[in-house]
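Hints in hand, dock the two standalone chains.
Next come the chains, spelled out residue by residue.
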Amino acid sequence: MTQPLLEVKNLVMRFGGLMAVNHVSLDVNEGQIVSLIGPNGAGKTTVFNCISGFYKPSAGEVLFKGKPMHKLPGHLIARHGMVRTFQNIRLFKEMTLLENLLVAQHMHAERNLLKGMLNLPSYKAKEQELEDRSAEWLERVNLLEFANREAGTLAYGQQRRLEIARCMVTQPTLLMLDEPAAGLNPQETQALDQLIIELRDKYSVTLLLIEHDMKLVMGISDQIVVINQGAPLATGTPAEILGNQAVIKAYLGEE
Amino acid sequence: MTKKPLFTNLTSALFAAGLTLFLGASVMGLRLKSEGITLGVELASTQTFIELGLAGLIVFLFQLFRDRIPKLSSSATDRIAILAFLRTDKQQRLWLMLTIAALLVFPFTTGRSNIDLATLVLIYIMLAIGLNIVVGLAGLLDLGYVGFYAVGAYTYGLLYTYFGFSFWQALPVAGLFAAITGWLLGYPVLRLRGDYLAIVTLGFGEIIRLLLNNLTELTGGPNGVSSIPKPTLFGLEFSRRGDNTFHEFFGIAYDPVHRVIFLYLLALLLVMLSIYIIRRLIRMPIGRAWEALREDEIACRSLGMSPTNIKLSAFTIGATFAGFAGAFFATRQSFISPESFAFIESAIILAIVVLGGMGSQLGVVLAAIAMVLLPELAREFNEYRMLLFGLMMVLMMIWRPQGLLPAKRPHRELKTTNAEVK
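Just so you know, the protein sequences line up as chains B and S, in that order. Counting from 1, one number per residue, gives the positions in the first sequence under our numbering. Counting from 1, one number per residue, gives the positions in the second sequence under our numbering.
In short, the hints are calculated from the structure, not lab data. A few of these clues could be false.
Claimed, not checked - The calculated lysine-lysine pairs, modelled on DSS-like cross-linking and capped at a C-alpha distance of 25 Å, are:
1) Lys415/S <-> Lys93/B
2) Lys67/B <-> Lys9/B
3) Lys249/B <-> Lys215/B
4) Lys9/B <-> Lys93/B
5) Lys202/B <-> Lys215/B
6) Lys126/B <-> Lys115/B
7) Lys67/B <-> Lys56/B
8) Lys202/B <-> Lys65/B
9) Lys415/S <-> Lys115/B
10) Lys90/S <-> Lys124/B
11) Lys124/B <-> Lys415/S
12) Lys415/S <-> Lys126/B
Okay, chain S solo, but in the shape it has when bound (with noise of 0.2 Å):
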């Protein structure tokens, strides 16, 4: 690598203090001070502004001499070494069982927020999981995503409200109509490509968001569907008073913490089948389809494949993933209004298959992980979460721009005597 001479980062190395400064006081340095009834602007105290000179001057030295600080690869190799402890078949059994273990232990040590928030966890992998399909693997930029968790939400808070359905009976249907609905809106706009599909599926998230706050007198509007009852086992209501509770089935105290812990594992139970389901379908022939066609779509289609059908079927199968998910968030908030289905979720959700790697399982489950817990982890930050946020957006961007663990490929490899094994 040759080196660039200083003078030149010298330049870019000013104008990057510059900015960092001057945004810096803009955001940090001034100060709104209430007087009486009038507002008024001062000067924030003399340590903040030591504090941005500080920092511009790190910018300023990071800048000038870039080059010479050895760089973290990111190349393939530093991914193997990650994984190193993966490497046979047995030994990525052995890990997977030791972390199922794990994870079904967990709500057990711990106390009631952090299972509700590994529950939130889970609903956001299995999300991204469903959303990796059509992203990921098709190669569709989809973000109106969260209008199909929208469906399965409300489909399970409404056929509760008519129908009086349990969220058992509720489930397949929510996952029936969420896929119906991907379908529905797949069919007129998968003709499009890229920006233009973005754009389309954009405005069909939002679509679905303003129909369910306008039906008032259908979905009630902004005020949402309310009271919609927790999942049952096997009939069993996790609550202190009715006909048949858990704990008086057997035999213990009453506790709220069950019915969480409760919600923890079938949330576990969900995502893990989705997970297994996911794995399959990409190394059925649907899969090597969904890869094909977002490698070249002209290709496919003179080998005999319709694109059309095959970008509907990721379609669809995603938007069933995410129906499942807005049944079992439905239950689990007992409350849904279109508030909880904006657009920042779609993106969200997005940013965390993008984060994780596209097409990569293990990658969006653990970019799931990261997205969910760092926002709340970055709690006591609180004012600058945001920008701890963008930080880490922007230095992912920097070191791993293919995403935390990105696919890994072949599916399948082709073994007889003569093939070069990898």
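The shape of chain B in the complex, shown without the other chains (with noise of 0.2 Å):
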């Protein structure tokens, strides 16, 4: 078998006395939508913190593409292609849509300041370069309409799809979303349950969600990861971990 995209092999996170997360190792494979599920405070965006580089793991490794992550600071981990998104959105509220993708584009943007100062053509080219990619993804999630709006101004709803865009602009291998539908009416989390088959198949992205939408999860998810109080419980495809009697009792209790 070929090397999984993405390796987290017993990480190990400790909060002073609590140990957040207990040795939890997850694969994820290129091409494949993998979520980790759990109930409330079992740890998962905290092992979201660890992989994306907001937290240093107390102990535990993370490979990239076969490169260790765990060290990294996060904004540069994030330039290997590894983007996520926040359980509570952080966008920038009081730029608008297209500046907030344009913003989002830092890292591929011309930055030389003589280049810019002088608006020479290749900054020209580089920056109307950014704006249709920009404009290419505020289409793709329904949002071109509200371009110069401040995004803090946009709806719960358009606040998420506006988030994937985002990271979407920054050309990611790895997309990691943290709760995309939480807030979402029904036909909103369809419509993201498209939309996050799209990034895969059209735009060839892996993905990896927290999600609490069992319906979602189910649905999309190729590989699912459950972990309970900070210990990884099972993985499995969704039929097995529908059958699984620890998962069950984990969610419902014991009779």
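Given below as structure tokens:
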């Protein structure tokens, strides 16, 4: 078998005496949609924060394309093509939608001060390219008509979509979504469902999600990883997880 | 809006009026009188007390009926009303041209003291738009900005004293040195946030001043650096006697006002250049990154931007403008000493930025004019000058807490058929 795109090995995260993540391992293969589920407070977001470099894991390894990531600061990890969204949406609320997407492409922009100052053709071309890509993604998530509005004025569901678009303009290999369906109505969730599948199929992005909406998770995931109280509980396909006694016990309690 | 019953206002109105009387009586009601070698205290004239009583009454009535006084709104609508004549690009360009023309003609129509004052305003504009990058755009509260101003000024002063540099040779070096200082100071302190950053930068500003004050062998200490030469116009000096003087070259009579006008025009040139450069920077990727960083540092990191580098760039570029302003200050004054770079200067520059509306260039320019001119115009009020200044600040906080002209957003609009246009 080929090497997984993302390998997490025996990840441990301690906060003082609290073991928030206890030897969690997971593999994400290229082109897959992998979901991380578990009851509230299971440590899912902490795993996310460790993988994306916002926390330094106490022990364990995170390998992305075979390269160790767990010692790098967050912004360098993002530059390797691993980009995330946040549970409580973090947009640049006072900037317009277009500007949000332009900022996200900072690493692709022409950042030479002199070229920008003199407005050289190469600089203009690059800026146009960023703008075109932004417009393309705004259209893809149905927000093009609001392009010049401030992001803070958008409805909740629209903000979620914008956050995904903002990740996508950075042209990531692995997109990590932290509860993308939280606060969405059923129709919006369905649209999200389709968007996620399209991201994988059309834009060949690999996805790692944290999600509570079981219908969404069971419908689109290739692999599911369940954690409970920081410890790994089960790994498998949706069908395997649905039949797993330990998982049922963790979610519903014992009879 | 629901109107509160008069009674609830009554207590606060009584309190405010009482406070007015108490403060007024303690500041203006007593007088020191010298009797031989001893000092005595006597009450002020009855008229003062009548005036005080009237003032207390006004405060009382205002507080009592403040709910019923129609509020001067500070919403976005009146901002648009102010700028109605600046709607289109064409109008903007026209007004810009007219303003520049007026500024160019200005020195030839007025006296020496006015030109001097205008030059001072220009120096503050330059400092404030530089600090605006750091505070207004990148959102880093810097209370030691005057330190970079000092570095710029002393760079020219010392380069002249030891190596005989001219203003034009020293100007780029002053900018460079200030930038390096900004970078070096920024590197350790930019890990801090908010109030902590403010305190540390305040400390660094003071350290620079104290160093200049105490490195007596190098900087002359409290005596400062003196007889710094004025700038030349392509080698032509603005002095009465010399080898290559302006008035001899053009065959006109010597007039000291020429030099004042030249300094003004030079400052105007520097300011216009700075405004243009910063205007471009704001629209470039780096400007967008500054704003994004001010809004959400974590989101920036998640998108691959290095917060430290972006903050450093803002700090360094901001410091560069202070360096240029410093070199200009040195050449204008001919004399610099650590006293010119005390904390109060940082506070004034910061006040200009806040007053103008953080991040707004035009606002900052207007605020700089107001901040420098008002104390000058209010000179006849002598001891009440600072009181007037405080009153202005309080009124600003009530009516325009977002500044004179809050930053105009957005900087860039998508122009496609589908996007709604604002």
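Each hint, compared with the structure:
1. Lys415/S <-> Lys93/B: Distance ~21 Å between Lys415/S and Lys93/B Cα, so the pair holds.
2. Lys67/B <-> Lys9/B: Satisfied, since the Cα-Cα distance of roughly 13 Å is no more than 25 Å.
3. Lys249/B <-> Lys215/B: holds (19 Å)
4. Lys9/B <-> Lys93/B: With a Cα-Cα distance of about 36 Å, the restraint between Lys9/B and Lys93/B is violated, given a limit of 25 Å.
5. Lys202/B <-> Lys215/B: holds (23 Å)
6. Lys126/B <-> Lys115/B: Satisfied, since the Cα-Cα distance of roughly 11 Å is no more than 25 Å.
7. Lys67/B <-> Lys56/B: Given pair Lys67/B, Lys56/B holds - Cα atoms ~16 Å apart, limit 25 Å.
8. Lys202/B <-> Lys65/B: Roughly 21 Å separates the two Cα atoms, so the pair holds.
9. Lys415/S <-> Lys115/B: holds (24 Å)
10. Lys90/S <-> Lys124/B: Holds. Lys90/S to Lys124/B sits at ~22 Å (cutoff 25 Å).
11. Lys124/B <-> Lys415/S: Holds - the C-alpha atoms of Lys415/S and Lys124/B are around 16 Å apart, at most 25 Å.
12. Lys415/S <-> Lys126/B: Status holds; Cα separation ~17 Å.
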